[in-house]
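A.B. asks: Read off the chains here:
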Amino acid sequence: MASPNPNAYDPAAAAAAEGTAVSTRTRTTADIVNAGLKGRYRAEKRFRMYGVIAIAAALMMVTTLFVSIVSKGYTAFAITSISLPVTVERDLVANAEGEITDRSIAFANYAAPLRAALEAQFPEVESRSERRALYEILSDGASFQLQRMIEENPDLIGREFTMTSPVSSDFDVLNKGQIDLTVPENMRRVSDAQAGWFEALQERGLIETTFNTNLFTNGDSRQPELAGIWGAVVGSFYTLMVTLLLSFPIGVAAAVYLEEFAPKNKWTDLIEVNINNLAAVPSIVFGLLGLAVFLQVFGLPRSAPVVGGLVLTLMTLPTIIIASRAALKSVPPSIREAALGVGASKLQMITHHVLPLAMPGMLTGTIIGMAQALGETAPLLMIGMVAFVVDIPGGPMDPATVLPVQIYLWADSPERAFVAKTSAAIMVLLAFLVFMNAAAVLLRKKFERRW
Amino acid sequence: MNTQAPAAAQSAPQADAQQPPAPQETAGAPLLGPGETPKIASRDVHVHYGEKHAIKGVNLDIKENEVTAFIGPSGCGKSTFLRCLNRMNDTIDIARVTGRITLDGQDVYDKRVDVVQLRARVGMVFQKPNPFPKSIFENVAYGPRIHGIARGKDEIEDIVMSSLDRAGLLNEVKDYLDQPGTGLSGGQQQRLCIARAIAVSPEVILMDEPCSALDPIATAKIEELIDELRENYTIVIVTHSMQQAARVSQRTAFFHLGNLVECGDTEQIFTNPQHRLTQGYITGRFG
Chain A
1 MASPNPNAYD
11 PAAAAAAEGT
21 AVSTRTRTTA
31 DIVNAGLKGR
41 YRAEKRFRMY
51 GVIAIAAALM
61 MVTTLFVSIV
71 SKGYTAFAIT
81 SISLPVTVER
91 DLVANAEGEI
101 TDRSIAFANY
111 AAPLRAALEA
121 QFPEVESRSE
131 RRALYEILSD
141 GASFQLQRMI
151 EENPDLIGRE
161 FTMTSPVSSD
171 FDVLNKGQID
181 LTVPENMRRV
191 SDAQAGWFEA
201 LQERGLIETT
211 FNTNLFTNGD
221 SRQPELAGIW
231 GAVVGSFYTL
241 MVTLLLSFPI
251 GVAAAVYLEE
261 FAPKNKWTDL
271 IEVNINNLAA
281 VPSIVFGLLG
291 LAVFLQVFGL
301 PRSAPVVGGL
311 VLTLMTLPTI
321 IIASRAALKS
331 VPPSIREAAL
341 GVGASKLQMI
351 THHVLPLAMP
361 GMLTGTIIGM
371 AQALGETAPL
381 LMIGMVAFVV
391 DIPGGPMDPA
401 TVLPVQIYLW
411 ADSPERAFVA
421 KTSAAIMVLL
431 AFLVFMNAAA
441 VLLRKKFERR
451 W
Chain B
1 MNTQAPAAAQ
11 SAPQADAQQP
21 PAPQETAGAP
31 LLGPGETPKI
41 ASRDVHVHYG
51 EKHAIKGVNL
61 DIKENEVTAF
71 IGPSGCGKST
81 FLRCLNRMND
91 TIDIARVTGR
101 ITLDGQDVYD
111 KRVDVVQLRA
121 RVGMVFQKPN
131 PFPKSIFENV
141 AYGPRIHGIA
151 RGKDEIEDIV
161 MSSLDRAGLL
171 NEVKDYLDQP
181 GTGLSGGQQQ
191 RLCIARAIAV
201 SPEVILMDEP
211 CSALDPIATA
221 KIEELIDELR
231 ENYTIVIVTH
241 SMQQAARVSQ
251 RTAFFHLGNL
261 VECGDTEQIF
271 TNPQHRLTQG
281 YITGRFG
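Chains as they are written, first to last, in full-length UniProt numbering: chain A, 1 to 451; chain B, 1 to 287.
Hints in this document: simulated from the structure, not taken from any laboratory. Check each hint, because a few of them may be wrong.
Stated by the list, open to error - Straight-line alpha carbon distances no greater than 30 angstroms define the calculated DSSO-like cross-link-like pairs of lysine-lysine that follow:
#: 1; chain 1: A; residue 1: Lys266; chain 2: B; residue 2: Lys174
#: 2; chain 1: B; residue 1: Lys174; chain 2: B; residue 2: Lys63
#: 3; chain 1: A; residue 1: Lys446; chain 2: B; residue 2: Lys221
#: 4; chain 1: A; residue 1: Lys45; chain 2: B; residue 2: Lys153
#: 5; chain 1: A; residue 1: Lys446; chain 2: B; residue 2: Lys52
#: 6; chain 1: B; residue 1: Lys221; chain 2: A; residue 2: Lys329
#: 7; chain 1: A; residue 1: Lys266; chain 2: B; residue 2: Lys221
#: 8; chain 1: B; residue 1: Lys111; chain 2: A; residue 2: Lys264
#: 9; chain 1: B; residue 1: Lys128; chain 2: A; residue 2: Lys446
#: 10; chain 1: B; residue 1: Lys128; chain 2: A; residue 2: Lys264
#: 11; chain 1: B; residue 1: Lys111; chain 2: A; residue 2: Lys446
#: 12; chain 1: B; residue 1: Lys63; chain 2: B; residue 2: Lys134
#: 13; chain 1: B; residue 1: Lys52; chain 2: B; residue 2: Lys111
#: 14; chain 1: B; residue 1: Lys134; chain 2: B; residue 2: Lys153
#: 15; chain 1: B; residue 1: Lys52; chain 2: A; residue 2: Lys445
#: 16; chain 1: B; residue 1: Lys174; chain 2: A; residue 2: Lys445
#: 17; chain 1: A; residue 1: Lys266; chain 2: B; residue 2: Lys153
#: 18; chain 1: A; residue 1: Lys445; chain 2: B; residue 2: Lys221
#: 19; chain 1: B; residue 1: Lys153; chain 2: A; residue 2: Lys264
#: 20; chain 1: A; residue 1: Lys446; chain 2: B; residue 2: Lys63
#: 21; chain 1: A; residue 1: Lys329; chain 2: B; residue 2: Lys174
#: 22; chain 1: B; residue 1: Lys63; chain 2: A; residue 2: Lys445
#: 23; chain 1: B; residue 1: Lys134; chain 2: A; residue 2: Lys266
#: 24; chain 1: B; residue 1: Lys111; chain 2: B; residue 2: Lys63
#: 25; chain 1: A; residue 1: Lys264; chain 2: A; residue 2: Lys176
#: 26; chain 1: A; residue 1: Lys329; chain 2: B; residue 2: Lys128
#: 27; chain 1: A; residue 1: Lys346; chain 2: A; residue 2: Lys329
#: 28; chain 1: B; residue 1: Lys128; chain 2: B; residue 2: Lys174
In this text the structure is predicted, and so the values were computed from the model without any measurement.
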């Protein structure tokens, strides 16, 4: 076969050729394929190996992240408290005329009975400095707690009752074994004497470790044993609500207009390019914009979730618009034609047929945007949501902070106990994110099940 | 014989560039005689897709209560022309339609004509069965509901049942009316689409290759259905199958490269075509 190209199949030549010639050529093809086969399989094997390595590396990093967060943070879910028999004498809460009024209860010195109760445990402690060291075991929050108890139940006045309150964070940390007592005494926050007293209290069964409800019910505090994330959770909730209520309708309406109604000209092209660019703008820039426009021009309150929500709306809008447009584009044209063919108007076509089919994609985009907003810190720093807010915000206009900013604030705090708190707050934030993503998946499934 | 089509394709743009395209003389009888009133009449209809001149001056009358078939090779403009009749080309931004198309003497491209009303009068069945992703009942009920043709549940149910019955689908689906329309077989889906179209009681039904995605048995059922529907509706069908055109239609129009080459009684077109292109096409020498 003197064909110029041995690979070209020439039927006339093949028909003319003898069977042997044809088989020779087939064998050569097979041989060529065979020779290359090993290399091809090797390449495939190599590629698979790269994949496995990549997955393993990713899994390892995720595991490291979770292990480090959980191992640091789990202790924050427990709290050490002390139970002391306390007596609030009538004299202490009475006013100058010897009467007990709401006002006299509010202004009484509740630290005194607590200190007395503690001193009663250690009669041998006498000197002023030693007594002050002893008082450090009690949390600053204990006297507020006592005041609340008396306010709620004035019958307790003059009677001895047992009060359980958190110990101060240094002793909480000591109880959790995070203070090394072999370190020279002047290098640690708990002295030998304090450690001895604490041990004595433990032996008397007055110290117990319980679940830390403060973490989930309190706002922020300078005292780690009193600090909680509830304020930040409520702040995050209001912020996200404002974001969702603004960005979903605006985003979907913008996407529907651009995709279905807008004429295709250079203006809409320009808008499209700008929306895509906005998605890539660093979020802190939106924070600056919020500061300049919402706070300075419109005079909205500082640190308020409503402003945070507005800023995060700006940030999530491009995400939602892009996802919604993609979802609208993916609705098959045959459905549109079917609707128009029976005489549906354009709006009817969109609301009855296109939107329901695009909804899963839109919801996914929205929830991804919301999850992004939930984890956002930088723009909120610019509008003052980084403030130290103790009160639980009562509405979107109250000063508040959000979960990631709370994490940032705690990570910045010097007290040892805030290390665990930071990790605990991260765990809560991650739990919320996982919950939101699960909601996204469920919602999508639910909508897609309508065939 | 394949040389004919490319040669024509090359010459056509040149002619466009030099002078306004002279409408090709149509062989046969595209227009009805005096005394006969067409249901749809088109005069000098041109369609441009951007630069592309897709329909080049079509003059054609469509008779009431008849099946008119459009045949021709792919890309000849028969679907484009069909979509002009209920202004489905409006949805394509770059499409531009000139000329005059009248439905019962009323220009459908007149500004005063509402496209929603037009499409309620001129229903359409598409190439690919495209039921809504809703229940069989909802598919058929949708049209009457949005137009407010039926009031109350009973009336809608009556319309749905009679439409499904006329589309020959009722016996097959009457126990599954709440099941998704997309779960039916291809032929059933297409009949569902026909039921959906006739539920609005249109005067004209346009069918764009309704059987091209169906097997021969489903096709036979649809053809039977078209023959029955002819009594009450004016039907225009685009088809690639010449046998189908011969079976279901009374009049046939042959399109080639945007021109209406020949139009006449189906029997005459298939037995005694007057234009050499028609002859070439129906004898299978090109297309």
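A.B. asks: Holds or violated: Lys174 of chain B with Lys445 of chain A, Cα cutoff 30 angstroms?
C.D. replies: holds, 29 angstroms
A.B. asks: Taking 30 angstroms as the top limit, are the C-alpha atoms of Lys329 of chain A and Lys128 of chain B close enough?
C.D. replies: holds, 19 angstroms
A.B. asks: Within 30 angstroms, alpha carbon to alpha carbon, are Lys153 of chain B and Lys264 of chain A?
C.D. replies: Between Lys153 of chain B and Lys264 of chain A the Cα gap is close to 42 angstroms, so the pair fails against 30 angstroms, i.e. violated.
A.B. asks: Measure nothing beyond the straight line between the CA atoms of Lys446 of chain A and Lys221 of chain B; if it is 30 angstroms or shorter, mark the hint as holding.
C.D. replies: Not satisfied, since the Cα-Cα distance of roughly 37 angstroms exceeds 30 angstroms.
A.B. asks: Would you mind confirming whether the straight-line C-alpha gap from Lys446 of chain A to Lys63 of chain B stays at or under 30 angstroms?
C.D. replies: Status violated; Cα separation ~49 angstroms.
A.B. asks: Given the hinted pair Lys264 of chain A and Lys176 of chain A, is their alpha-carbon gap at most 30 angstroms?
C.D. replies: violated, 66 angstroms
A.B. asks: Holds or violated: Lys446 of chain A with Lys52 of chain B, Cα cutoff 30 angstroms?
C.D. replies: It is violated: about 45 angstroms lies between the C-alpha atoms, which goes past 30 angstroms.
A.B. asks: Does Lys264 of chain A sit within 30 angstroms of Lys111 of chain B, going by the straight-line distance between their CA atoms?
C.D. replies: OK: Lys111 of chain B and Lys264 of chain A at ~22 angstroms, within 30 angstroms.
A.B. asks: Lys111 of chain B and Lys446 of chain A: Cα distance at most 30 angstroms?
C.D. replies: violated, 44 angstroms
A.B. asks: Between Lys63 of chain B and Lys445 of chain A, is the straight-line Cα distance small enough, at 30 angstroms or below?
C.D. replies: violated, 50 angstroms
A.B. asks: Holds or violated: Lys134 of chain B and Lys266 of chain A, Cα atoms, limit 30 angstroms.
C.D. replies: violated, 38 angstroms
A.B. asks: Would the hint linking Lys63 of chain B and Lys134 of chain B be met if the CA-CA limit is 30 angstroms?
C.D. replies: Since the Cα atoms of Lys63 of chain B and Lys134 of chain B sit roughly 35 angstroms apart, the hinted pair is violated (cutoff 30 angstroms).
Hints 1, 2, 3, 4, 5, 6, 7, 11, 12, 15, 17, 18, 19, 20, 21, 22, 23 and 25 from the list above are not met by this structure, while the remaining hints are.
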